[in-house]
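Visitor: Heads up: the sequence lines are chains B and P, in that order.
Just so you know, we're using the working numbering here: the first sequence kicks off at 850 and counts up by one.
Just so you know, we're using the working numbering here: the second sequence kicks off at 850 and counts up by one.
There could be a bad hint or two in this list.
Heads up, the list lumps identical chains together, so a pair's fine if it works in one copy or across two of them.
[Claimed, not checked] Derived lysine-lysine pairs resembling DSBU-like cross-links, with alpha carbons at most 30 Å apart:
(1) Lys1018 - Lys958
(2) Lys1092 - Lys911
(3) Lys1023 - Lys905
(4) Lys858 - Lys1019
(5) Lys958 - Lys854
(6) Lys1092 - Lys936
(7) Lys854 - Lys911
(8) Lys930 - Lys991
(9) Lys1019 - Lys936
(10) Lys949 - Lys1042
(11) Lys1092 - Lys930
(12) Lys1023 - Lys1042
(13) Lys991 - Lys936
(14) Lys1039 - Lys1092
(15) Lys930 - Lys1019
(16) Lys958 - Lys991
(17) Lys1018 - Lys905
(18) Lys991 - Lys881
(19) Lys866 - Lys930
I should point out that these hints are in silico values taken from the structure, not numbers from a laboratory.
Here the structure is a predicted model, which is why all the values come from computation and not from measurement.
The primary structure of each chain is shown beneath.
2 protein chains.
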Amino acid sequence: MSLSKSDIKLIKSLHQKKFRNEYRQFIVEGEKCVNELLHSDYEIIHLYHTHEWENKSNNIQKTPVSINELQRLSTLNTANKVLALVKQKDTTFIKYVDEKISLCLYDIKDPGNLGTIIRVADWFGIKNIYLSENSVEVYNPKCVQASMGSLFRVNCRYGAVENIFSDAKKNQSKVVAATLEGINLYQYRKPEKTLLVMGSESHGLSPDILNLCDEQITIPSYGQAESLNVAIATGIICAEWMKG
Amino acid sequence: MSLSKSDIKLIKSLHQKKFRNEYRQFIVEGEKCVNELLHSDYEIIHLYHTHEWENKSNNIQKTPVSINELQRLSTLNTANKVLALVKQKDTTFIKYVDEKISLCLYDIKDPGNLGTIIRVADWFGIKNIYLSENSVEVYNPKCVQASMGSLFRVNCRYGAVENIFSDAKKNQSKVVAATLEGINLYQYRKPEKTLLVMGSESHGLSPDILNLCDEQITIPSYGQAESLNVAIATGIICAEWMKG
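Extracted from the complex, chain B is given alone in its bound form (with noise of 0.2 Å):
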């Protein structure tokens, strides 16, 4: 079996977020991450991969290819040894999953700061995360990449922050937004149950939003910057939260 035209043109036509909604495929590159995903539940539909890629799959479809037909696949500026070809999963927000912290993502724009925030999410043995509808989606290959696989074990689901604010409310759940002009992070008294809101990264969250949230917090400064990166803020409030 070799590369068709028709294989080239469904997975550069994948690099796009207007053929991966269409098809409802992502791919997925490099060794690293594709061994994180023969692990997960994801259905891979095919796997393209150079001579140098040691095999860990058993009954998937695969395609050998050389170096030069994956770097014509790929995403990255340097291919990777294999690529897979992988479904996506639903990704609606249908109810709020109770745990002792969840984080919410209002209208994030960078996919690589969604992959690196849901790599944290992972390392810090998060869940689930819900996100606004107007954020970067999980299956954008820069996401899919900064995640390092993580992806494959946290839980993504979009939705109206409105409904996922009323659902965690619900759940017992204070809704604790990050801001700049909240609690200091190391005075306030963590919830028993909390669901972290994260602001975009150029307008962080509006009033409306804020309205919604039971409390804000803050991490203190010490400097000049006028602010942190979002998934810089995530990670130091989640390693707080986390630390017992």
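We have chain B already, so just place chain P on it with the hints.
Guide: Frame of chain B, contents of chain P only:
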């Protein structure tokens, strides 16, 4: 005064490391970053701006340009009102400056990570970052962009880590490495003065480097991700160090 071919050639050459090194100049883009630059002690050689830009500079040479001209000069997908041509500062490590906490970055390769770490340092009032000689350069446009202007307030110096470590120790600083097998960050008794060492994205810190460090600390994990992004880890540790 209008945009000349030689202006375009010079500025486009500064998209590349080779010419940044040769000319000892770099570019700063966008309203936010240029405004921070104007408040810094960096020497601005020239400003290129569209009519939209609200001029806050006095005796600096400027050229008004069209948005299309600005886009030709830009490293961004969407050029943003203004671009500055700036003199680099000398970034050679000379001596260790005594502070409560400083950062040492070992072979960091991703300019976005470096810029984000500089922003973290600035948020927490950390004044000095030392970098191994093989680390990415601070004047890389992606680093400048990710630092969101913090680059102009944080002192970055490149040198041999052996020299940086020994100089830090002479100044009674403990050299503390962030690794995956150190003391739990929250159980660790923080020294009075610390040089915090962060390893590269792909290889962390080599045994040789670790041998030169006094201690190792780790951010406790509660999930399954193999590691945290280096900028996230830096943020979490700095937050814990600074909170008192």
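Visitor: Work down the list of hints and note, for each, if the structure agrees.
Guide: Verification of the hints:
1. Taking the shortest Cα distances, Lys1018 and Lys958 sit within 30 Å of each other inside one copy (26 Å), while across copies they are farther apart (43 Å).
2. Taking the closest pair of Cα atoms, Lys1092 and Lys911 never come within 30 Å of each other, the shortest separation being 43 Å inside a single copy and 52 Å across copies.
3. In this assembly of identical chains, Lys1023 and Lys905 lie within 30 Å of each other by CA distance neither inside one copy nor across copies; the values are 43 Å within and 44 Å between.
4. For the identical chains of this complex, Lys858 and Lys1019 are neighbours neither inside a copy (47 Å) nor across copies (61 Å), given an alpha-carbon limit of 30 Å.
5. For the identical chains of this complex, Lys958 and Lys854 are neighbours neither inside a copy (33 Å) nor across copies (36 Å), given an alpha-carbon limit of 30 Å.
6. Taking the shortest alpha-carbon separations for Lys1092 and Lys936, neither the intra-copy value of 36 Å nor the inter-copy value of 44 Å comes in at or below 30 Å.
7. Only within a single protomer do Lys854 and Lys911 lie at most 30 Å apart by alpha-carbon distance; the minimum there is 16 Å, versus 51 Å between protomers.
8. Proximity of Lys930 to Lys991 under the C-alpha cut-off of 30 Å is found in both arrangements, the shortest distances being 17 Å within a copy and 27 Å between copies.
9. For the identical chains of this complex, Lys1019 and Lys936 are neighbours neither inside a copy (33 Å) nor across copies (57 Å), given an alpha-carbon limit of 30 Å.
10. Taking the shortest alpha-carbon separations for Lys949 and Lys1042, only the intra-copy value of 5 Å comes in at or below 30 Å, while the best inter-copy value is 35 Å.
11. In this assembly of identical chains, Lys1092 and Lys930 lie within 30 Å of each other by CA distance neither inside one copy nor across copies; the values are 38 Å within and 44 Å between.
12. Only within a single protomer do Lys1023 and Lys1042 lie at most 30 Å apart by alpha-carbon distance; the minimum there is 6 Å, versus 38 Å between protomers.
13. Taking CA atoms no more than 30 Å apart as the test, Lys991 paired with Lys936 passes inside one copy only; the shortest distance there is 17 Å, against 33 Å between copies.
14. With identical chains, the CA atoms of Lys1039 and Lys1092 are at most 30 Å apart both within one copy (11 Å) and between copies (17 Å).
15. Taking CA atoms no more than 30 Å apart as the test, Lys930 paired with Lys1019 passes in neither setting, with 47 Å inside one copy and 47 Å between copies.
16. Proximity of Lys958 to Lys991 under the C-alpha cut-off of 30 Å is found in both arrangements, the shortest distances being 12 Å within a copy and 17 Å between copies.
17. Taking CA atoms no more than 30 Å apart as the test, Lys1018 paired with Lys905 passes in neither setting, with 44 Å inside one copy and 47 Å between copies.
18. In this homomeric assembly, Lys991 and Lys881 come within 30 Å of each other (Cα to Cα) both inside a single copy, at 15 Å, and across copies, at 25 Å.
19. With identical chains, the CA atoms of Lys866 and Lys930 are at most 30 Å apart both within one copy (24 Å) and between copies (28 Å).
Comparing the model with each earlier hint shows violations of hints 2, 3, 4, 5, 6, 9, 11, 15 and 17; every other hint is respected.
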